[in-house]
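S.K.: Those sequence lines, one after another, are chains A and B. So that you can map any letter, position 46 of the first sequence is 46 in the numbering used here, and since no number is skipped, the others follow by simple counting. Going from the second sequence to the numbering used here is simple: count from 1 and add 114.
Mixed in with the good hints, there may be bad ones.
Once the Cα atoms are required to be at most 25 Å apart in a straight line, the calculated PhoX-like pairs of lysine-lysine come out as [as the list claims (entries may be wrong)]:
| # | chain 1 | residue 1 | chain 2 | residue 2 |
| --- | --- | --- | --- | --- |
| 1 | B | Lys178 | B | Lys128 |
| 2 | B | Lys128 | B | Lys169 |
| 3 | B | Lys169 | B | Lys180 |
| 4 | B | Lys180 | A | Lys78 |
| 5 | B | Lys180 | B | Lys134 |
| 6 | A | Lys106 | B | Lys155 |
Derived from the structure by calculation, the hints contain no laboratory data. None of the values given here were measured: they were computed from a predicted structure.
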Amino acid sequence: AQTVTQSQPEMSVQEAETVTLSCTYDTSENNYYLFWYKQPPSRQMILVIRQEAYKQQNATENRFSVNFQKAAKSFSLKISDSQLGDTAMYFCAFLYSGNTPLVFGKGTRLSVIA
Amino acid sequence: GAVVSQHPSRVICKSGTSVKIECRSLDFQATTMFWYRQFPKQSLMLMATSNEGSKATYEQGVEKDKFLINHASLTLSTLTVTSAHPEDSSFYICSARGSESRHTQYFGPGTRLTVL
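Chain A on its own, in the form it takes in the complex:
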């Protein structure tokens, strides 16, 4: 069974600084998908970024980028120029394929400090 580990329960960062959230996963599959979701205080889950395992290039979305290390089974999220609105719970998630459900990590609570 696949597992996702987020080893940082809480983190904080100064506004405008850069922060990296870590995520590791365990799988024997070769083709899969990885995601970072953000859950702000409103509790709406918002997709931040996704990565297909077959792609070597790291995904980027504006201020958000990932460092995908397939051999190490690592998928960290870097947030540049942190903004107060980035304050949220961040969940790393793994998807094998088809109709299988997402496997979530336990989350990292990020606080951006003015």
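Once you have looked at the hints, place chain B on chain A.
M.R.: Chain B alone, transformed into the frame defined by chain A:
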């Protein structure tokens, strides 16, 4: 991104009554829908997976007769909490994935259920 709506956003009911929560995919066809439960400051706990027109697959420990899931169309799934008790109070979130969504799951805004 695709939009998933959920209704109601919050509901308060008396113990012993039933509550229905609706989940709709507004701009895509949801071939698979998921229902989650989330306790405060915790991750999402998958309750069940449903494919359109098929019976839902429940996770271990989730009572099928208490949490009735219907996925009758490609845009609508419902979760009915039957004979609700205070311990069923929680935040329930639906999620949907379509054939065109490139394996991405989109989430509804959630429903806060309080059972008195």
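S.K.: Each hint should be assessed against the structure and marked as holding or not.
M.R.: Results for each hint:
Restraint check: the Cα-Cα separation between B/Lys178 and B/Lys128 comes to about 21 Å, which is no more than 25 Å; the hinted pair holds. Under the criterion of a C-alpha separation no larger than 25 Å, the hint pairing B/Lys128 with B/Lys169 is inconsistent with the structure, at around 28 Å. For the suggested pair B/Lys169 and B/Lys180, the alpha carbons sit about 15 Å apart, so the restraint of at most 25 Å is met. Simply put, B/Lys180 and A/Lys78 have alpha-carbon atoms about 41 Å apart, too far for the 25 Å limit, and the pair is violated.
A threshold of 25 Å between alpha carbons decides the hint, and for B/Lys180 with B/Lys134 the separation of about 12 Å falls inside it, so the pair holds. Note on A/Lys106 and B/Lys155: the hinted pairing holds, with a Cα-Cα distance of about 9 Å set against a maximum of 25 Å.
Hints 2, 4 from the earlier list are contradicted by this structure; the remaining hints agree with it.
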